[in-house]
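Chains as they are written, first to last, in this note's numbering: chain H, 1 to 284; chain F, 1001 to 1054; chain R, 2001 to 2282.
These aren't lab readings, by the way, just hints derived from the structure by calculation. Cβ coordinates follow ideal geometry from the N, Cα and C atoms, glycine included. Be aware that one or more of the hints could be misleading.
As the list claims (entries may be wrong) - Computed far set for chain H versus chain R, every beta-carbon distance over 12 Å:
#	residue
1	LYS66
2	LYS112
3	GLU275
Said to hold, decoys possible - Derived DSS-like pairs (lysine-lysine); straight-line CA-CA distance at most 27 Å:
#	chain 1	residue 1	chain 2	residue 2
4	H	LYS99	H	LYS226
5	R	LYS2172	R	LYS2079
6	R	LYS2119	H	LYS35
7	R	LYS2239	H	LYS35
8	H	LYS154	R	LYS2209
9	H	LYS99	R	LYS2039
10	H	LYS97	H	LYS140
11	R	LYS2119	H	LYS128
12	H	LYS104	R	LYS2079
13	R	LYS2079	R	LYS2119
14	H	LYS99	H	LYS186
Stated by the list, open to error - Some chain F residues well away from chain H (every beta-carbon gap over 12 Å; in silico):
#	residue
15	GLU1003
16	CYS1004
17	THR1012
18	ALA1017
19	GLY1020
20	ASP1027
21	GLU1038
22	PRO1039
23	GLY1053
24	GLN1054
The primary structure of each chain is shown beneath.
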Amino acid sequence: MKIGVLCSRIRPEEKLLFQEIRCRGHELVQIDTRKCVFDLQENNFFDVDIILERSISHTHAVYITKILQNRNVPIINNYEVIQNCGDKVITSLLLDKYKVPTTKVRIAFTAKSALDAMDELGYPCVLKPGVGSWGRLISKVESRNAAETILEHKEVLGTYHHSIFYIQEYIDKPGRDIRAFVVGDKTICAIYRASKHWITNTARGGQATNCPVTPGIDKICRDAAKAVDGQIVAIDLFESNNGFIVNEINHTMEFRNSIHTTGVNIPAKMIDYLENVVKKGGLE
Amino acid sequence: MVECPECGADVTVGEDAEVGEVIMCSDCGSELEVKSLEPVTLKLAPDEEEDWGQ
Amino acid sequence: MKLGILYERIRKDEKALITEAESRGHEVILINDKEIFFKLEKNELNVDIVLERCISHSRAYYAMKILNEQGISTINSSKAADICGSKFLVTENLLKNKIPTPKTIITFTKDSALESIEKLGYPVILKPAIGTWGTLCAKINDREAAEGIIDHKEKLGSYHHSVYYIQEYINKPGRDIRVFVVGNKVVGAIYRNSKHWMTNKAGKFTIDKCEITDEIKKLALQAKDAVGADIVAIDMLEKDNKILVNEINYTVEFTNFYPALDKSIVTGIINLVEKRYEEVSS
């Protein structure tokens, strides 16, 4: 089959996926988002059976998946998943709507009302951009003093999207969090990410070890993926006093540190899923 | 072996390199993106943007 | 009913709506988007329905998205706000519904933007894909201007400005048409006359009443349905005896257009809110 991969920068993940696609005898069509030009009055853009969305740019992914979906090109993950996962406000809203255990979140639109929200939530609390990744621009706010100055900086220096204040309760986790990988309706594997720093992303130095997928982890991950309509997603979990809770969900998951750690061939599972979707005649 | 567009040093590009992949010049530390494979050309990789990630 | 009005400033429009709602015995609860914060795990607003009157699109969208997902109906819906607040989504929805609209190209880098502009030919229009009030909309007459503007966008703009929304220039007859739709009724239409290519450049246009022809009525209702909205102001352009739909505004300003626009738009809006309240509460 012809598998298109929507991408720009090729990370180790994309390289592994390309290799997997080629070694199964499929035709790989590399679609560089930076070269894409869409005349919206046209309807035929790419001659492929399915597209795997792997764009490092969230913005490119949002626009291109919408354009392609409107023209009936099957794409995984699709526009709705990217919106649901790529915007933490929407993710948290959906997790609450579908009663998937998650952190308390407050949303405000000015530094003043954000400060009120932080006072109400209590300190420490966490401030994040709604759209963002790799632990970038995330602050742990320990006190009202810190809150006042960080909020002022965001409001004065940031563009308009930094005035959507996403405020999250701080979870005292046991020096680690969990990243679990869901493909279709299966939690295929998970890792612990340990760090002395409160931000445990491996991009910021967190150390990965295997985390067995217990029934508890499996259930919350599948529920979380369902809440965002996710097809191939990575769920970040905290171990809290009340059990597992979902922190974030990632739609263009990175897994380079997880294959050897878990012993699970993640790119193979992803391409298995794509093949099944094509064989079944597309997405429902 | 290809020349680093920043400092001119020799950069090794693996046989399994992909267009769009990023490698580092061991001499000057620049991140370089593989622009083409036949022939192999490199360009300075774009900086990380605020909306990049997973 | 307990009518929440989500607002940033109380302008003449908001005053007119509040007066009308209160004169009908409704309890109006003013929700200031600068002061409120939302708890995502539960709704704490004691309202039956919300009428959105924000100035900031992103505040409007997120507030309504939160309320809608928490089960509170808003007018317009967050889905409509999301579409109307994005020129890209409006164009896609118009094309999907075969509603005539200017030719539009979307691309993501300065090189592909310049190439697309040259292909489309000058003059050409470059707009931010998200945003209203004509901010940062440019008419580009030649390559030098294209290079300069694209360079500025690339260096100065946030990542949102890396989406190039390039549109054919429509040589309109010194005016555009704004059509007001409330529910399934076209309640008014005006010409905005201006020598400036961007007719809505603040303070630079005059207003005349525009006759609601069958063509205008049909396009307006189709466009409103295409974006799933309840109350919209639709901007249309005349090109060679045909009409194209250009943009759709979802937080409709109206007092500025009196008397070319009839004041009954206010009663129409509150009627719509009452009707929606009846539908959702049954």
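### Query
Does LYS112 (chain H) really sit off the interface, with its C-beta more than 12 Å from all C-beta atoms of chain R?
7 Å, violated
Holds or violated: LYS2172 (chain R) to LYS2079 (chain R), with C-alpha atoms at most 27 Å apart: Outside the cut-off at roughly 31 Å; violated.
Are the Cα positions of LYS99 (chain H) and LYS2039 (chain R) separated by 27 Å at most? 14 Å, holds
Is CYS1004 (chain F) truly not at the interface, in the sense that its beta carbon sits beyond 12 Å from all beta carbons of chain H? 18 Å, holds
Given the proposed pairing of LYS2239 (chain R) with LYS35 (chain H), does the C-alpha separation stay at or below 27 Å?
32 Å, violated
Q | Least C-beta distance from GLU1038 (chain F) to chain H larger than 12 Å | A | For GLU1038 (chain F), whose nearest Cβ neighbour in chain H is about 15 Å away, the distance exceeds 12 Å, so it holds.
Verify the proposed pairing of LYS2079 (chain R) with LYS2119 (chain R), using a straight-line Cα cut of 27 Å. With a Cα-Cα distance of about 34 Å, the restraint between LYS2079 (chain R) and LYS2119 (chain R) is violated, given a limit of 27 Å.
Within 27 Å, alpha carbon to alpha carbon, are LYS99 (chain H) and LYS226 (chain H)?
Distance of about 11 Å is within 27 Å: holds.
Report holds if the minimum CB distance from ASP1027 (chain F) to chain H is greater than 12 Å, and violated otherwise. 22 Å, holds
Least C-beta distance from GLU275 (chain H) to chain R larger than 12 Å:
At about 29 Å from chain R, GLU275 (chain H) clears the 12 Å cut-off, so the statement holds.
Assertion that THR1012 (chain F) lies farther than 12 Å from chain H (Cβ)
THR1012 (chain F) is indeed farther than 12 Å from all Cβ atoms of chain H, at 16 Å.
**Message:** Quick check for students: does the CB of GLN1054 (chain F) sit more than 12 Å from each CB in chain H?
**Reply:** GLN1054 (chain F) is in fact no farther than 12 Å from some Cβ atom of chain H, at 4 Å.
Violated hints for the displayed structure, listed by number in ascending order: 1, 2, 5, 7, 8, 11, 13, 18, 19, 23 and 24.
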